Amino acid sequence: MSMACYQCGCQLSEQDYCTACGADVSLYKKILRLSNRYYNEGLEKATVRDLTGAVDCLEQSLKLNSRNVEARNLLGLVYYEIGECTAAMSEWILSMNVEPKKNVASDYIERIQNNPSRYDNIRQTMKKFNQALEYCYQGSHDLAVIQLKKVLSISPRFVKAHLLLALLFIDNEDWEKARRELTKALNVDKGNTQALRYMQEVDRMLAPDDIEKNDRKKKRDDTIRYQSDNEVIIQPSSLAEGTRSGFSTVLNIVIGLVIGAAAMYFLVMPTAQKEAQHDAQERVDSIASQLDVKTAQIQEMESEIKSLEEAKAKLETELEEYVGNEGKLQVMDQLFAAASVYLDSKDTAQTAEMLEKISEKVKLEETSLDYQALYHSLLGIIGPELAKTYFDAGKVSFQNEDFGSAVENFQKAVYYDPGNAEALMDLGNAYRRGEDEMNARATYNKVIELFPDSEWSRKANQWLGGMDEEMTD
Amino acid sequence: MINFEEELKKFHPSAEVEEIQDYIYNRNATDIAGVFEKMFTKKEEETETEE
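Chains as they are written, first to last, in this note's numbering: chain E, 1 to 473; chain W, 1 to 51.
Read the hints as simulated data drawn from the structure, not as lab findings. Where hints are given, some of them may not hold.
[As the list claims (entries may be wrong)] Below, in silico cross-link-like pairs of lysine to aspartate or glutamate (EDC-like), each with a Cα-Cα straight-line distance of 20 Å or less:
| hint | chain 1 | residue 1 | chain 2 | residue 2 |
| --- | --- | --- | --- | --- |
| 1 | E | 177 | W | 7 |
| 2 | W | 9 | E | 16 |
| 3 | W | 9 | E | 24 |
| 4 | E | 29 | W | 37 |
| 5 | W | 38 | E | 24 |
| 6 | E | 30 | E | 50 |
| 7 | E | 30 | W | 18 |
| 8 | E | 150 | W | 16 |
| 9 | W | 10 | E | 24 |
| 10 | W | 9 | E | 171 |
| 11 | W | 42 | E | 24 |
| 12 | W | 43 | E | 56 |
| 13 | W | 10 | E | 16 |
| 14 | E | 30 | W | 22 |
| 15 | W | 10 | E | 318 |
| 16 | E | 149 | W | 19 |
| 17 | E | 63 | W | 18 |
| 18 | E | 29 | W | 7 |
| 19 | E | 127 | W | 18 |
| 20 | E | 127 | W | 22 |
| 21 | W | 10 | E | 56 |
| 22 | E | 29 | W | 44 |
| 23 | E | 127 | W | 19 |
| 24 | W | 38 | E | 304 |
[To be verified] What the simulated footprint calls covered on chain W by chain E, stretch by stretch (three residues with Cβ under 8 Å from a Cβ of chain E suffice, anywhere in the stretch; the number is not a length):
| hint | region |
| --- | --- |
| 25 | 1–9 |
| 26 | 14–26 |
| 27 | 34–42 |
[What the hints assert, rightly or not] Okay, the calculated beta carbon distance ranges per label pair:
| hint | chain 1 | residue 1 | chain 2 | residue 2 | range |
| --- | --- | --- | --- | --- | --- |
| 28 | W | 8 | E | 300 | 54 to 64 Å |
| 29 | E | 277 | W | 34 | 56 to 66 Å |
| 30 | W | 37 | E | 271 | 52 to 62 Å |
| 31 | W | 34 | E | 56 | 19 to 29 Å |
Note that the coordinates shown come from a computational prediction; the quantities given were computed from them, not determined experimentally. For every residue, glycine included, the Cβ atom is placed at its ideal position computed from N, Cα and C.
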């Protein structure tokens with residue numbers, strides 16, 4: 001292989017310097033020689049189909065001298081052989097860049113570019129292989145196997161696809177299938193260490209004992225045994241095949257259909273089921289969210305109804321307070337009726353009776369100021385006259401020693417005329433004579449408190465003193 | 001015993017035909033001969049400057 005000077009580009013001789021420019025090329029020539037040696041080694045390995053070894057050598061060669069066109073072209077060819085077409089094309093393109101004229105790489109590239117179906121196959125192979133690898137990462141091994149089989153139907157010499165398929169079979173403990181793929185890979189690349197390692201594992205799993213057993217079983221299967229009377233007849237299966245060929249064809253078709261249906265069931269159906277489940281889940285989620293909104297609205301409306309019912313009950317209570325039997329309107333009507341009776345007939349007794357009924361039902365301090373004013377005005381008008389009536393009646397009762405009745409009359413006399421000290425004094429006396437000492441004392445004390453400087457006060461004190469003495473005795 | 005997960009890590013996606021340009025540009029094209037050339041060319045230039 002010819003060498004050119006790195007400085008002037010002239011052809012180098014056997015000397016350690018350039019005969020044209022005089023540059024020291026001893027080390028440079030060593031590097032180029034080493035690159036060429038790696039190329040030769042790579043070529044030898046490629047010749048005996050140790051393509052992995054060839055790739056290693058050629059890569060080393062190019063690391064030493066990237067302008068080694070022969071090494072690059074051969075590397076491209078080896079890549080192409082093992083199915084790595086993109087890598088192959090890139091090597092040839094780089095080679096063309098170094099040596100644009102009289103380069104076999106241009107021929108290789110043209111062959112691919114001028115064959116659209118081949119070019120499309122390369123494209124499809126790479127895409128499908130990457131898809132299969134993605135399936136492996138996702139754990140969809142069945143889909144990966146299908147995809148890799150498609151890849152290998154397009155590019156049967158794609159070693160990497162054979163290896164990945166073998167790995168999937170090994171993972172599935174499908175040792176025979178794995179061995180088949182590995183054998184195909186090793187037919188292309190005899191020195192593929194990965195394939196050799198997998199094959200070692202497969203061989204270990206398919207131990208010789210098992211192989212022998214399989215062989216024996218196969219031999220047994222090759223004969224047909226049946227009993228006729230007392231004799232066991234052994235007939236080679238090949239003889240029976242002729243008679244059974246029609247039946248076996250039908251059977252094979254049926255088995256094929258069953259396998260097809262099973263593949264459909266196990267591969268396509270789960271995907272369709274997953275999609276259906278996904279759609280159903282989405283619908284359920286959507287309905288659930290709608291349900292949540294509706295539930296929230298219902299709860300809101302229920303709480304609104306509850307608050308409205310409470311408000312209604314409160315208003316009904318208030319209304320009852322106004323219009324009921326003992327409501328405010330009724331009480332007001334009674335007061336108006338009492339006023340009307342007095343204005344019409346001046347009947348103080350009936351008016352007093354009506355006012356007493358009102359005072360029993362109503363707490364005056366809870367009524368309106370106008371109501372209280374009317375009540376007190378009416379009471380002020382009829383009070384003195386009533387007080388006199390009850391006072392006189394009390395006197396009569398007292399004289400008749402009916403002290404209970406006397407107490408009642410004097411109480412009313414005091415109620416209607418609180419300034420009547422005599423009536424209060426007589427109430428105390430009625431209590432005392434009726435032997436109600438506690439109320440008698442309270443009433444005398446009230447006389448002393450309300451009318452301190454009066455004759456009634458002095459008398460009250462006397463009675464209190466007398467009662468104290470009686471107690472002492 | 002072959003560990004599937006570990007072995008799977010050794011497989012890498014193949015460069016697709018549409019990505020061939022990126023594939024070429026992203027390659028490390030440095031070689032020893034190139035390094036040697038650069039080194040000696042620089043040395044020659046320095047010698048000439050000194051002279």
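I'd like to know which numbered hints this structure contradicts. Please list them from smallest to largest.
Per hint list: 2, 3, 6, 7, 9, 12, 13, 14, 15, 16, 17, 18 and 24 violated.
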